[in-house]
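So the chains spell out like this:
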Amino acid sequence: MARSTVTVITSVFLVGLLLGPLISLINFSGLSLSLSNSDIAAIKFTFVQAAYSATLSTVLAIPVAKALLRQNFWGKRFVVLILGAPFILPVIVAVLGLILVFGNNGIVNNLLNLIGLGSVKIYGFWGVILAHVFFNLPLAIRILLQALNDVPGEHYRLVSSLKLSFAQNFLALEWPVLKKVCPGIWAVIFAICLSSFAVALTLGGGPKATTVELAIYQSFFYDLDFSKAAQLALVQIVLVFSVVVASQFIVKPKTVFGLDIEISNHNISDFQKIIDTVVIIVTLLFIFTPILVIFFYGFADVFSLPPSVFKAAILSIQIAILSSFLSVFLGLCLTTNTGEIFGSLGIAISPIVMGAGTFLMLKNFGNPYLLAVPVTAIVNALVSLPFVIRILKPSAIEIRTEFENLSRSVGLTGIYWVWWVFLRKLKRQIGFSLGLASALSMGDLGVIVLFGSGEIATLPLKIYQLMGSYRVDEALASALLLSLLAFGSFVLFDKLGRTL
Amino acid sequence: MIRFEDVIIEIGDFRLAANITVPKGFTSVIGQSGAGKSTLLSALSGHRPLTSGKIFVDETRIDLLPPNKRPCSIIFQEFNLFPHLSIVQNLNLVCGNKFFVSESSRKKIKRVLEKVGIVELIDRLPSEMSGGQQSRAALARVLLQRNPILLLDEPFSALGPNQKSELIDLVDNLSKDQDITVLLITHDPKDAQQIAGHCIVLKDQSVLGPFETSAALDEDGPLKGYL
Numbered sequence: 001m002a003r004s005t006v007t008v009i010t011s012v013f014l015v016g017l018l019l020g021p022l023i024s025l026i027n028f029s030g031l032s033l034s035l036s037n038s039d040i041a042a043i044k045f046t047f048v049q050a051a052y053s054a055t056l057s058t059v060l061a062i063p064v065a066k067a068l069l070r071q072n073f074w075g076k077r078f079v080v081l082i083l084g085a086p087f088i089l090p091v092i093v094a095v096l097g098l099i100l101v102f103g104n105n106g107i108v109n110n111l112l113n114l115i116g117l118g119s120v121k122i123y124g125f126w127g128v129i130l131a132h133v134f135f136n137l138p139l140a141i142r143i144l145l146q147a148l149n150d151v152p153g154e155h156y157r158l159v160s161s162l163k164l165s166f167a168q169n170f171l172a173l174e175w176p177v178l179k180k181v182c183p184g185i186w187a188v189i190f191a192i193c194l195s196s197f198a199v200a201l202t203l204g205g206g207p208k209a210t211t212v213e214l215a216i217y218q219s220f221f222y223d224l225d226f227s228k229a230a231q232l233a234l235v236q237i238v239l240v241f242s243v244v245v246a247s248q249f250i251v252k253p254k255t256v257f258g259l260d261i262e263i264s265n266h267n268i269s270d271f272q273k274i275i276d277t278v279v280i281i282v283t284l285l286f287i288f289t290p291i292l293v294i295f296f297y298g299f300a301d302v303f304s305l306p307p308s309v310f311k312a313a314i315l316s317i318q319i320a321i322l323s324s325f326l327s328v329f330l331g332l333c334l335t336t337n338t339g340e341i342f343g344s345l346g347i348a349i350s351p352i353v354m355g356a357g358t359f360l361m362l363k364n365f366g367n368p369y370l371l372a373v374p375v376t377a378i379v380n381a382l383v384s385l386p387f388v389i390r391i392l393k394p395s396a397i398e399i400r401t402e403f404e405n406l407s408r409s410v411g412l413t414g415i416y417w418v419w420w421v422f423l424r425k426l427k428r429q430i431g432f433s434l435g436l437a438s439a440l441s442m443g444d445l446g447v448i449v450l451f452g453s454g455e456i457a458t459l460p461l462k463i464y465q466l467m468g469s470y471r472v473d474e475a476l477a478s479a480l481l482l483s484l485l486a487f488g489s490f491v492l493f494d495k496l497g498r499t500l
Numbered sequence: 001m002i003r004f005e006d007v008i009i010e011i012g013d014f015r016l017a018a019n020i021t022v023p024k025g026f027t028s029v030i031g032q033s034g035a036g037k038s039t040l041l042s043a044l045s046g047h048r049p050l051t052s053g054k055i056f057v058d059e060t061r062i063d064l065l066p067p068n069k070r071p072c073s074i075i076f077q078e079f080n081l082f083p084h085l086s087i088v089q090n091l092n093l094v095c096g097n098k099f100f101v102s103e104s105s106r107k108k109i110k111r112v113l114e115k116v117g118i119v120e121l122i123d124r125l126p127s128e129m130s131g132g133q134q135s136r137a138a139l140a141r142v143l144l145q146r147n148p149i150l151l152l153d154e155p156f157s158a159l160g161p162n163q164k165s166e167l168i169d170l171v172d173n174l175s176k177d178q179d180i181t182v183l184l185i186t187h188d189p190k191d192a193q194q195i196a197g198h199c200i201v202l203k204d205q206s207v208l209g210p211f212e213t214s215a216a217l218d219e220d221g222p223l224k225g226y227l
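Protein sequence lines correspond, in order, to chains L and A.
Going by the working numbering, 96 is the number at position 96 of the first sequence; the sequence numbering is gapless.
Going by the working numbering, 174 is the number at position 174 of the second sequence; the sequence numbering is gapless.
Derived from the structure by calculation, the hints contain no laboratory data.
Backbone N, C-alpha and C define an ideal beta-carbon position, used for all residues, glycine too.
Hints are supplied without guarantee of correctness; some may be wrong.
[Unchecked claim] Residues from chain A shown here face chain L by an in silico Cβ test under 10 Å; the list is partial:
1. N92
2. K98
3. S102
4. S104
5. Q145
[Said to hold, decoys possible] Simulated restraints on C-beta separations:
6. L:E154 - A:E5: 27 to 35 Å
7. L:A172 - A:S33: 40 to 48 Å
8. A:K190 - L:V12: 41 to 49 Å
9. L:R498 - A:F100: 22 to 30 Å
10. L:G30 - A:F100: 53 to 61 Å
11. A:S102 - L:G366: 42 to 50 Å
Kindly produce the complete structure, drawing on both the sequences and the hints.
Take a look at the structure:
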């Protein structure tokens, strides 16, 4: 079967998967839009929190990326490597960690109280922003670091020989890079935060801190107002789709998935060294303290968790395996330019929206709860698909070009070509993609909240339920288990891809 | 016998016309860099389409066939073996079962590797072999393909003079054994002199010949300027 045929069939399949829920949403919305004040407040909050999160993440990333670029220290490569960790850290784990650090009885507030500086609030608007910055700051740092590192070393040497002032130095070297890259970073983070659900669910809520996604969930779960949920879902689609389309006109930053960023070193003053050191330490503390406290507090109870937690963990593993293999299979079928466009459709339709549409569609045929596992696996696969395609596509194109003549001359085509060349040459990228997709699925707290129940709960949902019933110790231990599963599956698949 | 009938190949500003008949046996293809030697062989093997004209092998028209249906095997300057597959896996691609290496395929592959003198390297990866050994492995695959025409697109150009000479001799012997027509692209008139009874010359956007190699290399021959 020709490559284009595979792309077309897969694209049609994807469009079908997305169209079904979309049509259900349109049907249930009654094609009318009656937004209440709280709905408008949710739309406004969604935009404002996304703008704040994107701006703060981008602006804060600049000094950190510059400091990492300038300073050489033992373990620097490792630091840059683990800056990728929050990307695959389950949201619910990060939220728990942030609560332990910034919550009412958290480390930061205890310190502030000790020196009589009042306290910070983790719940509400600023809590949502804090969590979003926690997730997106490392992403912004890595993209910026890569961009700054692309400036040829000769430029730095030339500028240092000219003895320019700080401002002149900035204008000559860094401003051109920042001007080019920062709008793209801002747009990516803005789009990510626009679909924020799990953070808003756990740290937001109430009239002042409800995102559209959370409002959909509330209409669905608490008000049982499916028509309202459908209307809000359509609003969310329009919002995200508009932002995704608008962001196409901004220079897209390079996607930094690899862990092998080359870092240059530059001569700088002692004062600058001190400032850079402080910036790097504060950033590392901000990013890694919430993760470390989960390990610290969760470890004691991890072996005495109730069976229901392990049952949820097994379900999470099953869904992660199903969804990661589906995502990579679809990704392999879509490693063309056209395929990438169709594979990225999932970005415009968030898991909650897709879940709501699927729920309403299945409701016509029977009990949607019975299909919780396959629906969650499929939606999770579609969520990770754009990342998977971006990992697989460049190498897939290279392999086709490199081996085209040889393959044709030995008559190696179709499934045989896939078996002997495509899969074998792509195994490293396939392993990495499987790892990423399984880790993302493992930590997902999205569609499962619509389909899950007391009986059917993934580990993130179980943790959310434990938090809701104030069983904090169990929640922490479960969060540790979830982190180990997410990072473990990533490392396992990545390792298999490199060694098999 | 290969017949190019009113063949025109155009790529952008480049144009090559061929209206010749290549006899059986060993023929060298000679021309300056950029004259279109590789393009001509690519067109014959089906890797590049003709702008117009026809190609016949004996009396069968082949220019409309896909590469794997043409009676040609080709060895390129580089990338003749899949680097991630062992020699036995590489050669198995042109044997019967394509999903795994069966015992009978392995035996068949061993026999041809014996002929090219590298049977002990059957399970090695190409990266674990020298350039000459890789060329021998590519030749072994050609023998398995059992096509009556072998196209050599400067496959030995990166080898030392002794290795190159050895491999040209090997190709000559194999082609006589198996009755294979060989077209060898070469920059080096010595290669042509060593083995090829005939040569075709690419000059001024046309394919000329075939000529007796010794006559072509004479003072008044078509290769005068080239030498």
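So, going through the hints one by one against the coordinates:
A least Cβ separation of about 9 Å between N92 of chain A and chain L falls short of the 10 Å threshold, and the interface hint therefore holds. Taking 10 Å as the C-beta cut-off, the interface hint given for K98 of chain A holds, the closest approach to chain L being about 4 Å. With its C-beta approaching chain L no nearer than about 14 Å, S102 of chain A sits outside the 10 Å limit, and its interface hint is violated. At a threshold of 10 Å, the smallest CB-CB gap from S104 of chain A to chain L is about 18 Å, leaving the interface hint violated.
Proximity of Q145 of chain A to chain L holds as hinted, the smallest CB-CB distance being about 8 Å (cut-off 10 Å). At about 57 Å, the beta-carbon gap between E154 of chain L and E5 of chain A misses the expected band of 27 to 35 Å. For the pair A172 of chain L and S33 of chain A, the beta carbons lie near 44 Å from each other, so the given range of 40 to 48 Å is met. Range check, K190 of chain A to V12 of chain L: about 59 Å between beta-carbon atoms, so the 41 to 49 Å window is missed.
Restraint check, R498 of chain L to F100 of chain A: a C-beta distance of roughly 23 Å satisfies the suggested window 22 to 30 Å. For G30 of chain L and F100 of chain A, the Cβ-Cβ distance of about 58 Å falls inside the hinted range of 53 to 61 Å, so the restraint holds. Between S102 of chain A and G366 of chain L the CB atoms are about 49 Å apart, so this pair conforms to the stated range of 42 to 50 Å.
Hint violations for this structure: numbers 3, 4, 6 and 8, all remaining hints satisfied.
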